[in-house]
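Protein chains: 4
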Amino acid sequence: MDEKIKVSIVGGSGYTGIELLRILSLHPNVDIHHITSRNDAGRHVYEVYPSLRGVLNHRFTSPDEIDLKESNLVFFATPNGVAMEYAKDLLNNGIKVIDLAADFRIKNIKEWEKWYEMPHKCPDILPKAVYGLPEVNREKIKNAQLIANPGCYPTAIQLALIPLLKEGLIDPLSIIADAKSGISGAGKKNKADFLMSEASENFKAYSLQGHRHQPEIEENLSLNSSLGKAKLLFVPHLLPIVRGIHATIYVNCIKDFDASVIFNKFYEKEPFVDVMEANSCPEIKSVRSSNMCRISFFKVPDTKQLVILSVIDNLMKGAAGQAVQNMNIMMGWEETLGIHLIPLVP
Amino acid sequence: MDEKIKVSIVGGSGYTGIELLRILSLHPNVDIHHITSRNDAGRHVYEVYPSLRGVLNHRFTSPDEIDLKESNLVFFATPNGVAMEYAKDLLNNGIKVIDLAADFRIKNIKEWEKWYEMPHKCPDILPKAVYGLPEVNREKIKNAQLIANPGCYPTAIQLALIPLLKEGLIDPLSIIADAKSGISGAGKKNKADFLMSEASENFKAYSLQGHRHQPEIEENLSLNSSLGKAKLLFVPHLLPIVRGIHATIYVNCIKDFDASVIFNKFYEKEPFVDVMEANSCPEIKSVRSSNMCRISFFKVPDTKQLVILSVIDNLMKGAAGQAVQNMNIMMGWEETLGIHLIPLVP
Amino acid sequence: MDEKIKVSIVGGSGYTGIELLRILSLHPNVDIHHITSRNDAGRHVYEVYPSLRGVLNHRFTSPDEIDLKESNLVFFATPNGVAMEYAKDLLNNGIKVIDLAADFRIKNIKEWEKWYEMPHKCPDILPKAVYGLPEVNREKIKNAQLIANPGCYPTAIQLALIPLLKEGLIDPLSIIADAKSGISGAGKKNKADFLMSEASENFKAYSLQGHRHQPEIEENLSLNSSLGKAKLLFVPHLLPIVRGIHATIYVNCIKDFDASVIFNKFYEKEPFVDVMEANSCPEIKSVRSSNMCRISFFKVPDTKQLVILSVIDNLMKGAAGQAVQNMNIMMGWEETLGIHLIPLVP
Amino acid sequence: MDEKIKVSIVGGSGYTGIELLRILSLHPNVDIHHITSRNDAGRHVYEVYPSLRGVLNHRFTSPDEIDLKESNLVFFATPNGVAMEYAKDLLNNGIKVIDLAADFRIKNIKEWEKWYEMPHKCPDILPKAVYGLPEVNREKIKNAQLIANPGCYPTAIQLALIPLLKEGLIDPLSIIADAKSGISGAGKKNKADFLMSEASENFKAYSLQGHRHQPEIEENLSLNSSLGKAKLLFVPHLLPIVRGIHATIYVNCIKDFDASVIFNKFYEKEPFVDVMEANSCPEIKSVRSSNMCRISFFKVPDTKQLVILSVIDNLMKGAAGQAVQNMNIMMGWEETLGIHLIPLVP
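Residue numbers (the numbering used here), protein chains in the order written: chain V, 1 to 346; chain W, 1 to 346; chain Z, 1 to 346; chain S, 1 to 346.
Treat the hints loosely; a few may be bogus.
Just so you know, same-sequence chains aren't split out, so a pair can sit in one copy or run between any two.
No more than 27 angstroms apart at the CA atoms, straight line, and that leaves these computed lysine-lysine pairs for BS3-like [what the hints assert, rightly or not]:
no., residue 1, residue 2
1, 304, 255
2, 299, 114
3, 304, 114
4, 299, 110
5, 4, 140
No wet-lab data here; the hints were simulated from the structure.
No experiment lies behind these values; they were computed from the predicted model shown.
Next comes chain V alone, as it looks inside the complex (with noise of 0.2 angstroms):
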């Protein structure tokens, strides 16, 4: 068995550090080492989350107590802005970082700093960081030392259109992403919006004039598109579920291709990508607490028109699932170690 490392989490007390605690508390290669949360600490974990009673006796610390450099590696389940805190610290003392905030996600700072409304506290490590999407970037994530995870929609969205527009398969000008996601996405806010008199027995969109997600999905998908800068038209909407994201997506094809073929070939290997049997449905109850992303696509008849569906878990290999396996591969280990967890049905 490989040697144990320590890790730490900051910002556990969010639905992505429980779900991260979820996963590592049975991770064969890992010790959980500090968890912090500035509103909780002093509280044990299981105190704000019971169904860690008798997985974990940590308690929550503040982020100042303790000295992050100890572990060997640091999650930042945080909102948008702390990771860039620490990071340069902590890679210049040798300590890796993945980041499940938007911190390292896009390059262009400029644009970065349009929408998360902050000036970036450390433009020079941006480029060391890695977009933490496996299926994408898996070379440069072994040797990275500072992981950018991707976004949950991000990830649906990306996943369903790389293999095209790699090949310039379709027009990336003219894509449409109709997404859905459930309410988990927002995190544990006590907003209004999330409360379940609100939201269940709801549907809406949201954002319509710009989510954050869109520069950040952009900007990867052109870095992947043989054809040039990718457009995305995207509109976001709540669904009154807890857990799950379904991307469907509208695409212009410029070529004759068989997506089945194109699709298949890409993730042919992939331990966490399920191309499905074209025209079928894929349902977000099928990923549901595992690290799966299942893919299907319609073609329409009679045009240039193909439908493309992506389910995931976002707070898996939307969040806490992706960032383990980005975790898993940077160490060397086997990339589905402690995340080869299978869907809850019913």
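Add chains W, Z and S to chain V, keeping to what the hints say.
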């Protein structure tokens, strides 16, 4: 047609407020005058509740800017402790007051102050307050100027017990009420417990060591018990639904009797209590969005135990619907006016 | 007051049936005559739907035992293929007919027979059928004897598109409708897909290769398009809620125009279409249990793309509510009679 | 590592079947051999449950085509009455059998036949069956060849009561269990009651006049009561969630005792029972997808009443998880093997 009266709603932006608006907007004898909300003052009601677009053009006002004494009747859909600030002045000016919160529900001031953790502001007018459970206190309500509208749990539980207690048929000291409430009962509170991510696919008891509705229930059951003081073991639970209360009540019979006969006689002419067949199971959805309470019961063979089941919509018969029922009685109108609504199924 | 008419409901035990009963029980100009259901014949309606206890004392009858010609108007809330068995005889006897199923929705019989996989029983009366979308066909409905009540998806989608198509403002050949429906749209079918264990906490597309509402929408859009035949890429999805449809529609503009002006002008006097501000997001809960359709739109900057959002309650404006609206128009009554209901929130 | 055994699952397409597959697919000591389903024979398991795509390549077989005696252990996840057809032959051939249905749960055959309304097919082997509640019968399970896996309600309720009954601390004749179950407890049955349109936003009691779990509970409580026969007033309710049972149990104490001491002592070394602090409220979500039972209690001041609260996941500790726990014990393996799963939150 009767002449219309002017009614105002203090605290119109919470869930009992919006429910009052849903009813009163179509009530034939009512003109809605002021709708106050400190938080939303200045905004159109329909901005906060788009369901009211095209229905109401009012803006929320601050209670400080308007004169409630220009109304004929004022509903308080406020947190506990607000109505008692205004009631005396309103009553002195001949305005009728219906408080949907708890300020006037308990006659025993010490008990009230213990549970609500504040001094009572107008103990002198407390004796004038009529506990607004029409099926029990209709005659008093007719002449009341100040109504303490019952709590949601108390309504469901008292309607299930009073017919038996009045006749001295059950032991008043060994009553158990296992009660379950939908999440709107907590109001529009931005608290993590009520987030959809927390509350859905979940169920738990709460307030084991004491819930404010317990002294209210016990006081009023005792007043209606022919065998003296009633005592209640009350365990509330949080249901993962928006609307509805289900009370499962366990009592010990001290005489032989046919519960069907007792209940049917007591509620014979009641428009809002439906006595179902023995051994049937009333369901919450069968009263949703209506002012109806449905009651059934099950005599446990070979024992003295009787189980009584009672369901209401907590925002209707448990709050706004009952408040309007009380208004109708106070005004001498047809009791069902504006609240003869059919449950929403499915 | 107008004199009451006798109406019967064939197929009263499904979800559009019960919804008709919820409305008609309180409709001032209607006496409910027969309510048929082969499966539940002989049972009281309230045994199947306890929500109607105390409201309706009718028993379900078999359509064979009763004479529908004794009614003035008959609603068919039946599976496809039933209304066409009865319609001719009823029309010949001067009875008005409103079919909530699909028998008369498509004028092109070949198309109809292809999609519904049965021979049409009365092609001769099909020309008499008026497609009951009041906002478009009000004048024809006034004089109609036979109404084809539109499907739920078609209502939400057509109301979002017809104002633009009529004016020739958008390309009729590149419309995409990404539509999401609550589960009651499937009716009260005992199919595993619609079990709560399967459908809750889930989301998926379905009928990718063809949904029966598509030819209905295309035929009627084409009739209202000033630029000829309309074509639709229609992807329906199953929402984990009971009631509601949300259509997200993507179109390409062929002229410069202000969608607010167009929509507001078209729907200016409509009681059941609410045109919201540009860039706002209508939510399903804001129309639940009401006959309202709310529409908004978003012009994508620097493109010719327009996104239109449309929500309805599938059982109301998408079925029973619209059927009653049609009845009111046919009878010359106030169009909102009995359906001026306020959405249930929360 | 221990050598792997071959296990088969009879009735693999229901919810306890799929849950067994979720666990057993990752169980290190098990090879899944046959998975039978008469309805789905011939289909790949992953066609029925896409969540198992890439996990299992088995096809469902008909039990008639295969020889169960080639397995080492057979789970019956079938309707009641099936296991007793096969059990004798399997036992005679040295195959271990775990029945997740009710065929061997009740020793009193007359009682069994009354509640299950069929003749018992193998009363002669009934005495060999061990009631598979490990916390109570671990020693017997070790040597058992035939396990009657307890029902879901019985597991939650017995674990909450047996520590007290064994010590003679409570009155065994006045126990009330107000129990609530998620809808997956009903299995994958195409019955209208379990449709999402019916069950969501709803709550009701059911089987008031008798539920099959009652005699099972009473028989086993009585066996573990130091004060003789136990009697239970058992009222089950249907929760609008997929997974989980919450039992609220009311008992009368006949001695003074500290429930914390009693429960902690009894469950001190148990891996799957978590005794929480007095007066805390275990929630269903805190055990979801895990094999854990969490128990708390509340001593009602100034009375002899004790309230005990108990939660489990009905498909795990209430079915498949407990079945695997029993297998582990029978095989002499680490008891937590393959079922050391962390609850899914949120």
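Quick rundown of the hints versus the structure:
1. 304 with 255: both (9 angstroms within a copy, 24 angstroms between copies)
2. 299 with 114: between (37 angstroms within a copy, 21 angstroms between copies)
3. 304 with 114: This pair counts as between: shortest inter-copy Cα distance 24 angstroms, intra-copy 35 angstroms.
4. 299 with 110: between (38 angstroms within a copy, 25 angstroms between copies)
5. 4 with 140: within (23 angstroms within a copy, 39 angstroms between copies)
Every hint, counting from the list given before, is met by this structure.
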